[in-house]
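Asker: Residue numbers (our numbering), protein chains in the order written: chain A, 1 to 246; chain B, 247 to 746.
Any given hint could turn out to be false.
[Unchecked claim] Calculated lysine to aspartate or glutamate pairs in the EDC-like style (CA-CA distance at most 16 Å, straight line):
| id | chain 1 | residue 1 | chain 2 | residue 2 |
| --- | --- | --- | --- | --- |
| 1 | A | 236 | B | 502 |
| 2 | B | 315 | B | 259 |
| 3 | A | 236 | B | 516 |
| 4 | B | 456 | B | 437 |
| 5 | A | 230 | A | 184 |
| 6 | B | 332 | B | 322 |
Just so you know, these hints were derived from the structure itself, not from any lab.
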Amino acid sequence: MIVLNAKGLYYRELNSKIREEIATGSQDIVVKNVNGQRYIGDGITGKARLTLKGTPGNDMAAFMNGLELFVEGNTQDSIGNTMNNGKIVVHGSSGDTVGYAMRGGEIYIRGNGGYRVGIHMKEYQETIPAIVLGGKAGDFLGEYMAGGVIVVLGLDLEESEEIVGSYCGTGMHGGVMYIRGEVDGYKLGKEVKVVALTEKDHEQINRYVKDYVGYFGGSYEDILAKPFSKLIPYNKRPYGNLYCGW
Amino acid sequence: MTLSMNTPDFLIERNRERCINCQVCVRQCANEAHGWDAEEEKIFSQDALCVNCHRCVTMCPTHSLSIRKFPLEFRENANWTASTMKAIYKQAETGGILLTGMGTDRPYPVYWDQLLLNASQVTNPSIDPLREPMELKTFLGRKPEQLRVINGKLAEALPPQLELDLPIMFSAMSFGSISLNVAKSLAQAAETLGTFYNTGEGGLHEDLYKYGKNTIVQVASGRFGVHSEYLNAGAAIEIKIGQGAKPGIGGHLPGEKVGVEVSRTRMIPEQSDAISPAPHHDIYSIEDLTQLIFSLKEATNYEKPVIVKIAAVHNVSAIASGIARAGADIIAIDGFRGGTGAAPLRTRDSVGIPIELALAAVDSRLREEGIRNQVSLVVGGSIRNSTDIIKAIALGADAVYVASSALLALGCHMCQKCYTGKCNWGIATQRPELVKRLNPEIGAERATNLLKAWEHEVKEILGGMGINAIESLCGNRLMLRGIGLSDRELNILGVLAAGE
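Please work from the sequences and hints to get the whole structure.
Answerer: Okay, here's the thing in structure tokens:
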């Protein structure tokens, strides 16, 4: 295990050290005192595991391809931006646009996500990215979603807090969202509908919840005791009838 | 069903004496404007389906076909023109947004045509490019404030640069909007010519990776096909903020154009719409733009210049200043006459400003602010010939982007129906039987020929001005004079009137 100290380091310096470590074959890297440095894990291809202690900055794991990032703290905006593969596990909450245009891999967040979580996620055949939020999500969850899986558990919410914000799934044209409990109809984008869960859906949910509990603790049975709502788009072409040829 | 008031735009005329009923026209027309009546044993045509792309006219072995404007006149009305009325009929029938393709066809002023070039007479000799060297090599990228040389070597490495053998690049067109054979044609031409083509936002098909050193990879709001291998495959990365034909809006590649190959390259399900949102959802400010620029630089080890492409809009000079300060190496500006595979008609025809004015305003602003060296300027938006290029460079561009011209070289006939996916010339389509009509080797040769011809013309005219390196022309507005322009326009363009 390699330990790096991020204290006082500018992001470029820190990231170049991390790249060097990965290039020399380090498989287990711990970075202490992370404090807002951007782009950690950005564009890196590899299998190494990074443990980040503190609060990494924006665009963590952007374009990342295979690393596993464990964050002992909160994360800021745009983590997993256009991420291709790998895993992010955040022992806290995250800011806006988690997993923007994510293409593969998995993101687990113990707490909440901000606005536009999972916007424009994609999938192709067996490559299906997933985002699992333990708490709640802000407005525009899964906006323009073209593929992938989003699971929101809504654990430990205050009475005044709601599991998803408004415009949930606006423009959605692929993928699936599983929201634990009910979602008020007025919160749904007009391109998305609630449908009954199948056996396969339950298998998927069970798997993601099991992993969530594995990372953060909690009771698998208690979480699954409450039924989930399944959200899918009405069709693959939400704007197919918007136009007429000139 | 209500009565349709749509009348044909074109009239198909067939000379029956020449027609040999070979049915080439029937097989060639994806719009099914021609058909074979087996009972009557003769070809019939449906005017309403014709888009006037000339495919049948060109392929007819006996030249028996011609297409004319449909000779149906409304009562004369200077306000309610035929096209204004027809648009209303279409929208009343469908409730749809009018969709079109390619650049605006409205009669806006083309400032290139109101700028005249200088030539040498007596006091400084002109140069004959056939006998003397003429340098068109262009480097695009951030230039440092100063160079320090120690022992004949640069003390600090230069920021990454794109090296062009001629100041012309093929601008972004996505695989999806255009066929793979078009991308192959332009990639091959770029390699032969020592310049670059641009992937657009459709990702990079596996067959095109070998052209990496001549490729600019684009990152747009839909992030289609963007991953680290893609980012590292090209010579530069372009962040697409806007497009001249449709400033301020995103794009929807219709599901009809999303077949197996496009689906795999973009990583979306087959037949689904490929939706590019209007904004990048991680960019709401210049600071956010900085974030994406450096996110891309981090992902590519600071080895590649980052281009930021915007549409020419009203405040373009202030926006460009912000982009330069955000850390971009190159700014690409797309004028409102620029082409597109699909754009709402009203946006295409009314939003944005001409590239000539935008370019002059941006170049002046960056000079005034003392930051012109921090970025290179590339302009597009209907560069139609070699003098458009010379005028653009004299106004302040480092290089130009061409796309519509390149497609014309490959066979496009400007029918403006790219969004239907039925391009009979194999250009704006994904249907295999149409795509194969464009041979990429012939396409590459034609695109290369066009740019070679323009290269000769640029050299000829540069020589006439007594200039032997294209760099000496960049921003040299004394080489331009305006004709038929107002004082205000001359002022914005920063050129004197002819005769002054």
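Asker: Please list, smallest to largest, the hint numbers that this structure does not respect.
Answerer: none
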